[in-house]
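*Asks:* Chain by chain, the residues:
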Amino acid sequence: MREVAIVGVGMTRWGELWEKSLRDIYVETALLAMEDAGVDRIDSMIVGCMSSGLFVGQEHLGSVLADSLGAAPVPASRVESACASGGLAVRTGFMEVASGMSDIVLVSGVEKMTDVDGGDATYALGTAADQEYECYHGITFPGLYAMMARAYMHQYGLTREELAAVAVKNHENGSKNPLAQFPMKVTIEQVIGSVMVADPLRILDCSPITDGAAAMILCPLDQAKKISKNSPVKIIGSGHATDSIAYHSREDLTYLEAVAKAAERAYKMAGGGPETIDAVEVHDCFTIAEILAIEALGLVERGKGRTAASSGLTAIGGKIPVNPSGGLKSKGHPVGATGVAQVIELTKQLRGECGDRQVKNARRALAQNMGGSGGSSIVHILEVG
Amino acid sequence: MFSSRYWREIPQRYRMEAAKCSGCGHVSFPPRLICPKCKGRKFEKVRLPDQGKILTYTVIHVPATPFKDEVPFAIAVVELDGGVRITSQVVDCDPSTLTIGQRVRTEFRKLQEIGDAGILCYGYKCVPA
Ligand SMILES: [Zn+2]
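Residue numbers (our numbering), protein chains in the order written: chain A, 1 to 385; chain B, 1001 to 1129.
Just chain A, same shape as in the assembly (with noise of 0.2 Å):
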């Protein structure tokens, strides 16, 4: 296997974009990675998305964006594990460089989600559940999560304030990255006092509803010299790992084993663990996803995740920073572009690019991007090239 690099990366501000369309948001972050990287042509090119069926009525993906790119010929794949699809991307585009098949690859991740109304919203992200077993009866996936935090809480003993506190430090965060979607900062009484969506989860314990894409270019570690003037950021890990897709199959309800088992093959694969990580973005789609992650992750022991945000452990000066971005919370949430969106966080905190938020003397990072309820997980270790 060659070793692979991240030698550009694109992103715009997230949000309802109504005056542009999936293609639009696509191609600015295509072409804003491509300039980053230095580079004027790609021999391949993956894109996550999850439902762009469901939410602009356009499937074949894959030719749609390489037409709308210019790039045609190119070989184009569109990849798809619900809300992980970005990770998906991330890890399709680094085998495919891995494997020597392609060297310059454009991997992005691109949700359009405005173009439908809300309850056509929930209906889309449902499908990432058991369609016959779980939406049919009426659960969402706010719903899904509020039952992993009903479970947690008695297990654990986990606090309505515990919980706030994680989209407090998220929003805190979220206020000095100038892409987030809701920058503004929250109290932990205005999360509390927030309009309930599946008791005992709030609107914001939630993650929005986003338009928004996110692009990167990787190429051989041994090329990036040569194709880029960017200094490389190393992809050193890579786990991917599946659940039952419906929840209440699994066997611990306030465990996500797909996390856990995706972490461990990534950790194996960058020769180090949990203790060699310094900046962290993970999956918080609802404040219980960021404290469940971290546990499966092995960042802190089981029930430990409960007072990890309200401590300061996860802040950006903290022992552990975890989404100095903002994460899902504040950052948005446009589920195919996610993934992609983490990964390029930490490449920029691992070429000490963040300002306000930049996360000192990262040199090893860890991205963990989660389908459904848990269904799947995909989990990336960088390091500084």
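Rather than coming from a laboratory, the hints here were simulated on the basis of the structure. Given the structure is predicted, the values throughout are model-derived calculations rather than measurements. Beta carbons: idealized from backbone N, C-alpha and C, even for Gly. Any given hint might turn out to be false.
Unchecked claim - Dumping the calculated SDA-like pairs for lysine to any residue here, alpha-carbon to alpha-carbon at most 20 Å:
| hint | chain 1 | residue 1 | chain 2 | residue 2 |
| --- | --- | --- | --- | --- |
| 1 | A | LYS348 | A | LEU221 |
| 2 | B | LYS1053 | A | GLN155 |
| 3 | B | LYS1020 | A | SER244 |
To be verified - Ranges of calculated distance between the beta carbons of each label pair, as one might list FRET restraints:
| hint | chain 1 | residue 1 | chain 2 | residue 2 | range |
| --- | --- | --- | --- | --- | --- |
| 4 | B | VAL1071 | A | GLU161 | 23 to 31 Å |
| 5 | B | ILE1010 | A | THR127 | 19 to 27 Å |
| 6 | A | GLN58 | B | THR1065 | 17 to 25 Å |
Claimed, not checked - Residues of chain A placed beyond 10 Å of chain B at every Cβ, according to the derived structure:
| hint | residue |
| --- | --- |
| 7 | VAL64 |
| 8 | VAL74 |
| 9 | GLY143 |
| 10 | LYS185 |
| 11 | MET196 |
| 12 | ILE316 |
| 13 | VAL359 |
Mind docking chain B with the ligand on chain A? Use the hints.
*Replies:* Below, chain B with the ligand alone, put in the same frame as chain A:
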């Protein structure tokens, strides 16, 4: 919902039919073609018990479109006696009184009305035991 897609699930939704592995006894609901525990491929048809307990639950306030007239409603992970788990609404009770560990039983109920014609779709819901 596509009529054959609905019709295929009727044995599970109306009668709670499951598949018991002839090799290891593991019960799959819905039935599968291969046992996830022992990889066996022989099964006998069994009916799930109608009694169980709540493992965790939520009350939905913001629903998907088909359930927009039902909110707020309670929905739970229920472990039926014998160990099979289902996701099911819990009805005929005040959602604020539910607790983890509470005993419930399944009943045959209307679940959704679908499409402009309002086609009725049925299945199981739980009620306090
Ligand atoms: Zn078996």
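*Asks:* Does each hint hold? Answer for all of them.
*Replies:* Hints versus structure:
1. A/LYS348 with A/LEU221: Since the Cα atoms of A/LYS348 and A/LEU221 sit roughly 17 Å apart, the hinted pair holds (cutoff 20 Å).
2. B/LYS1053 with A/GLN155: holds, 16 Å
3. B/LYS1020 with A/SER244: Holds: B/LYS1020 and A/SER244 sit about 18 Å apart, inside 20 Å.
4. B/VAL1071 with A/GLU161: 23 to 31 Å: holds, 26 Å
5. B/ILE1010 with A/THR127: 19 to 27 Å: Taking Cβ atoms as reference, B/ILE1010 and A/THR127 lie about 22 Å apart, which means the hint holds.
6. A/GLN58 with B/THR1065: 17 to 25 Å: holds, 21 Å
7. VAL64: About 26 Å separates A/VAL64 from the closest Cβ of chain B, which puts it past 10 Å; holds.
8. VAL74: Non-interface label stands for A/VAL74: nearest chain B Cβ at 37 Å, farther than 10 Å.
9. GLY143: For A/GLY143, whose nearest Cβ neighbour in chain B is about 5 Å away, the distance does not exceed 10 Å, so it is violated.
10. LYS185: holds, 24 Å
11. MET196: violated, 5 Å
12. ILE316: holds, 31 Å
13. VAL359: holds, 35 Å
Violated hints, listed in ascending order, are 9 and 11; each of the other numbered hints is respected by the structure.
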